[in-house]
Amino acid sequence: MIDIKDLCKVYIVGDEKVRALDHATLHIYPKEFVSIIGPSGSGKSTLMNIIGCLDVADAGSYHLDGLPIESYSENQLAKIRNEKIGFVFQSFNLIPKLTAEENVELPLIYQGLPRQERAQRVQEALERVGLTKRAKHLPTELSGGQQQRVAIARAIATRPKLILADEPTGALDSKTSQEIIDIFHELHDQGNTIVLITHDPNVAKQAARSIHILDGRISEVKL
Amino acid sequence: MTLSLKMALRSIGSNKLRAILTMLGIIIGVMALVVLVSLVSGATSSVTDTISGLGSNLLTVTIEEDKGKPVDTETLETWLDEEETLGLIAPYISDTAQGSGSEGSGSLTLYGTTAEYYDIQGLQLSMGRWLKDADQENHSYVCVINETAAEELIGYTDCVGQALNLNGTKYTVIGVLADDDNNLTRVFSSGSMVAYLPYSSLVRLSTTAPAEIESFYVSAGEGHTVEEAEQTMTRLLMERFDEDDEAFEISSQDALEETMSSVTSMLTVMLGGIAGISLVVGGIGIMNIMLVTVTERTREIGIRKAIGANRRAILTQFLMEAVVLCMMGCCLGIFLSWAILQIVNTVVASLDMSFSLNLPVVLIAVVFCFIIGLVFGLYPANKAARMKPIDALHYGG
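Heads up: the protein sequence lines correspond to chains A and B, in order.
Each step along the first sequence adds one to the number in this note's numbering, with nothing skipped, and position 162 is 162.
Each step along the second sequence adds one to the number in this note's numbering, with nothing skipped, and position 195 is 418.
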């Protein structure tokens, strides 16, 4: 599913070169539930951006679902993000002016699906996160946990190959966090590939496999 | 397409005050364009109607230099007999005089002319009779006055037979002219007092008027056009004045209308151009606010890109917003222009003029606004479309 070899990414901050990724190599198989754990500044955000096709590496190769990502143009990457990846962010990243269901519908609009199919998929996705009753509410009218569930619904509405969650529980209390993690478990049970990025070992533990990252290197792969 | 339209409307609706302030430039520009051009074209059509109401079968001949061969009434009669393209000829001369009647006194415009003038100019008498050939031959002290003069000098319009003093000479009123808005002379001298005298009488009364004829009206003969009459007149006068085409001048109502329309179309283009500039300024306002919007919504752009919007989708979204802003401004501007014209219409209702929206200008305004929206929306929209998803997503947070 994800095949990363010798990825390097260097940022220049002032006069200093920061090696955000230093020959990182990792594999993630279809239908796996993997967590990537590391402290802040370890390069996990960079890794997440590259896995999510939001950024490209300086060197190394990345194949997503067999596709050589580094050779694609910006518009092609947009299409890949749209069709193959569902994002869940720490800060939810919902569009404040759109209602819950409109937020969920947005990636489907970019896919160019007809209206009826969009409505059906939005309905399905909201059902899976248990938010059907809140479909017409604006993000500001929802609690943090509900907002994150809308974000998850948006991520799964396109039926992506990969769900990429970046600190999905970072902004939530522990009870709500567990609810969100439970949703991820359900999605995993239904056959989705999930990559969960976190700095919290308790959250990382929930995954079947944890990948540790430190100073841009994949230091330990625990099975 | 409908979706991005909805999205644009929503985004504009979420900040109504800003949207209206932004549109203001376009609204004022459209109003300036539509109102000014509609006013000019309304006024033009009203004046043109008046001119063509005079009958366009009329030529005005002015002799600038008689070369020792002045034209007199006999010459005119000879021409009429020989040339069948000519219909009627009426010499005229104008002067001013102090007039006094039983009720008051004042300054009058005098026209000295002959019997034919009545038919050529299409005048209407409200009472009495017009000048006759006999009045001309006898240098009679008779006059026809308009209703204004009758009321001011004699006190009532039914004044046939009353005496009128013109520069101290006693004249008898033989007819009163009806007020007629279709007469050019009347339109330009509306409200003033006019008296028509036999040509020969006026020459005697006036200290400045020459005995020879300097100007006269000619109409085309039956079954002939004004152009034919004009050709005939040109030939006759060329023969008389040694082939010198500077010695006389022939003008027709057509020529007057042409001059009018060239002046007004120039005016229209000029005013339209000025209004166009204000529209462009409005467009710059749109661009300014769109740039602010793009910066404010950087994060939204990042989210949209992350979940799969490509450059074109973002470009369309912001371009649509700019165009919709412009078109809303345009529609409001057109509506307000209509309202202003309605108000102007009520104000000038007494002037026998009416102004309505000039349809071509409305179309031009719509097209122009659309283009302005596209042109000035393109830069901000492109800026939004070119943002890197990762930078946009982490902007300000």
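Hints in this document: simulated from the structure, not taken from any laboratory.
All values reported here derive from a predicted model rather than from experimental measurement.
Any given hint could turn out to be false.
Below are the DMTMM-like pairs computed for lysine to aspartate or glutamate, each with C-alpha atoms no more than 20 Å apart in a straight line [to be verified]:
id: 1; chain 1: A; residue 1: LYS31; chain 2: A; residue 2: GLU74
id: 2; chain 1: B; residue 1: LYS393; chain 2: B; residue 2: GLU375
id: 3; chain 1: B; residue 1: LYS611; chain 2: A; residue 2: GLU74
id: 4; chain 1: A; residue 1: LYS17; chain 2: B; residue 2: ASP614
id: 5; chain 1: B; residue 1: LYS611; chain 2: A; residue 2: GLU83
id: 6; chain 1: B; residue 1: LYS611; chain 2: A; residue 2: ASP55
id: 7; chain 1: B; residue 1: LYS606; chain 2: A; residue 2: GLU74
id: 8; chain 1: A; residue 1: LYS79; chain 2: B; residue 2: ASP614
id: 9; chain 1: B; residue 1: LYS229; chain 2: A; residue 2: GLU102
id: 10; chain 1: B; residue 1: LYS606; chain 2: A; residue 2: ASP55
id: 11; chain 1: B; residue 1: LYS611; chain 2: A; residue 2: GLU124
id: 12; chain 1: A; residue 1: LYS97; chain 2: B; residue 2: GLU519
id: 13; chain 1: B; residue 1: LYS239; chain 2: B; residue 2: GLU519
id: 14; chain 1: A; residue 1: LYS136; chain 2: A; residue 2: GLU102
id: 15; chain 1: A; residue 1: LYS205; chain 2: A; residue 2: ASP173
id: 16; chain 1: B; residue 1: LYS611; chain 2: A; residue 2: ASP58
id: 17; chain 1: A; residue 1: LYS31; chain 2: A; residue 2: ASP65
id: 18; chain 1: B; residue 1: LYS292; chain 2: B; residue 2: GLU469
| task | Run the structure past the numbered hints and jot down the numbers of the failing ones, going up. | result | 1, 11
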